[in-house]
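Colleague: Chain by chain, the residues run as shown.
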Amino acid sequence: MISSLHQKGLRLLGILLTIAGPISSAYAQMPNDAIYMGKKTACLAVSYTHSAWDQYWENTLKRENLNIGTHTTQSVMPMLAVGITKDFNAIVAVPYVWTKTSAGNLKWQKGMQDASLWLKYRFLNKSGFSLHAIGGASIPTSNYIPDFLPMSIGLQCKTATARLLASYRHQSGIYLTASGSYIFRSKITIDRDSYQADGKLYNTNQVSVPNTYDASARLGYLKKAIQAEGFIEYGACDGGDNIRRNDMPFPTNNMKATMVGVYAKFQPKNIGVNARASHVISGQNMGQSTAFSVGVLYQFRYAKEAKN
Amino acid sequence: MKINYISFRQSITRLVVPAMAVMMLWSCSKTVDEPTAGINTPSSLDEKAGTWKPYVLASSGAIAVAEPKEATSADYKAELQKLKAATEAVTPQQREQINYWGAGAVYRWNEIARELAARYNSPPASNADGKYPVPDASKPLDDPKFPFANPPYTARALAYLSVAQYDALVAAWNYKFKYNRKAPSKNDTSIKTLLPVSDLPSYPSEDAVVAEASCVVLKAMFPGEVPFLEAKLAEHKQSRISAGMNVESDITAGSELGKAVGAKIMARAKTDKMSGANNQAQTASMIANARKIGVTEPWVSQEFPPRPPMLPTYGFVTPWNFDSATVVALRPEAPPIIGSPAYQKDLNELLDIAKNQTREQARIASFWSDGVGSYTPPGHWHRKGAELCHENKYSEVRTARTLALLGTTMQDAGICCWDVKYWYYYPRPNQMSSKIKTSVGLPNFPSYTSGHSTFSGAAAEVLAHIFPDKKKEVDDMASEASVSRIYGMIHYRFDCEVGLSSGHKIGGYAVQRAKTDGAE
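As they're listed, the protein sequences go chains A and B.
Oh and the first sequence: position 156 is 156 in this note's numbering, straight run, nothing missing.
Oh and the second sequence: position 338 is 1338 in this note's numbering, straight run, nothing missing.
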């Protein structure tokens, strides 16, 4: 029934979509913000995320499940953001994820999830207004089980993300950022050679997982050591089916969610901390999760100025 | 070395962007490759199948089929003309349907039944009072849907389907060779057929017989699917006309025969005690019995709220290949006493898997899970049986016989296993230790013996007899299905080993029938 409902939610929400579901955008700079590392500087961040739900949407029916109780997904994710130029950054990340429930008999799952690479390019920057093209790709790093939902830690898809982001930052430090993305997801292979999707029985171990898209808006303040923002994000699948009555979720489900949240960062020097909280306010085929994350950041120069 | 900004940007354009474009295109492919079944060209006519022993019909001639019009008659010639016109007007969609049904009538209806089983395999949700409403056959599409096509239900539905197909085809074969009407394209060589034609007499149409008999059974088993089934029935019959394989009177005679046989088979279904298989009132005395014979901690539902156990009196349903007294006689020895060294040994194995389940163990558990939303273990084995028949180019009647032997032995296995489960009322390992959690979903009925193991042992016994060259393969499959329940942490090893061995014994009864039904 519920599965990585939550996890997926976050994913859909465009937060490191391809990466760990529950991973949040708790970093100095993220694939969904307008912040860049300077040339030859890098930022290493490690975050911990705790996300839980005790209600979920079975198709559109909001329900609890006493055989799940509270479903919790936790993760630890190291992430490295590298400033290649002041307008071009690369980000890599890979989370370790573990799931559990407070009731029922479903085996908890854990493992390394999907490694992701993001490239961010600021192609317009004028009077506080900037436009960014962002591309991402992710690939599973371990052979975790993708269809034991809601306990699975991920879906085993390879993904590719195309995102456009626009931002305006006033001299006062107030900024407004909006983005939209489309995420291509590969077919996956499961351990079974028969499954149901779209009201049909498939006699194969290949599963066609729908693509997803997302949109987000964030309003915040960024000046010197402090950043604070509130955000709203929407994510959904481009097609897909619904969880059947009283049945488990499946990777083909059309998961949708609208999430609101707040984010803050404090980085007086090289070392900083950040925190994030979010809550799903509406959804379909996923859990109504509330997530918290905290992270530490360490910024450093990875190369000296060029000698020649 | 200093990275040149310009050249770096070029390299992005040259390498990264195309690479991502390729990746996106590749991600775009959403087509999944399902195995396709080619057109069946039977290697034998099985001319003597009219003398094979039916299951329910008194004999292959029990239902009368009128003699067809002579090939020289004006009526038949008019039918041929009509058929010729139909083949010349075939649409691309009809051609697709011809090829679909050309894989085999029994093959396709078995596949349809498995799909229905999967679609109806959903346990009812609990209501606000913490009760589980019982599906109502008169309101099949309400929540909860009727039926809940769990393994015992599906075992029975597939058994009746295969028996109806088999008895109907034995009857059809009797009349085919009695009346010997040649295929339309042999009477009129100007008819261009879209499927291969053999020397099998065409009256009554074997496709119409199978389609109608299947439809009668499946409408009763899945009453919410009547419109879907009638559409399939019409499409199947039309495909034989479009393909130039049968004239209208072949189809009509086959339809009448199929319907009549289907009705006879469903008459047995009405008296096989399935209607009493969910008698929850009997569980109290079953639990008392289990305590009396030494089960100190009888099974209790591990669901919240507690769910009544699945079909506690299914063990009293009438079996196919032996009688109800034999069900009791086949009951295996008692499981280990709870707390005994034998019990502890197998519990410890599960505690170890709970800590260290390997990816391969998880794969095997999942591959054989056949749980909620699936066609269940009987469906899994029917798929295997149907594929073997297709690979071996079996005729319709021999395919039906194989699946009837398989289907009846699996319902027998279900009946025997359910008898054992509720006789001993033995607790699941998950009830005895909360450290044991499942990677496949926990069935809501007692543990001893394993249903998967019993079904699989019986299925392998029958398939190994019919396809001796596949004996090792099917035995290995059954063993893997059996052990998968240990890897999935819902059964003790003794549940699985005793269940598998019982299954093989149960399968032996169907093999005994196979040796004497006239087909070997």
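Hints were generated in silico from the structure; no laboratory data involved.
Errors might be hidden in some of the hints.
Below 25 angstroms or equal to it, Euclidean Cα-Cα: the simulated DSS-like pairs (lysine-lysine) are [said to hold, decoys possible]:
| id | chain 1 | residue 1 | chain 2 | residue 2 |
| --- | --- | --- | --- | --- |
| 1 | B | Lys1030 | A | Lys158 |
| 2 | A | Lys100 | B | Lys1232 |
| 3 | B | Lys1393 | B | Lys1053 |
| 4 | B | Lys1355 | A | Lys110 |
| 5 | A | Lys200 | B | Lys1355 |
| 6 | A | Lys100 | B | Lys1030 |
| 7 | B | Lys1393 | B | Lys1470 |
| 8 | A | Lys100 | A | Lys110 |
| 9 | B | Lys1139 | B | Lys1030 |
| 10 | B | Lys1273 | B | Lys1139 |
| 11 | B | Lys1437 | A | Lys100 |
| 12 | A | Lys200 | B | Lys1053 |
| 13 | B | Lys1437 | A | Lys110 |
| 14 | B | Lys1048 | A | Lys200 |
| 15 | B | Lys1030 | A | Lys187 |
Colleague: Mind listing which of the numbered hints don't hold for this structure, in increasing order?
Modeller: The structure conflicts with hints 2, 5, 6, 9, 12, 14, although it agrees with all the remaining ones.
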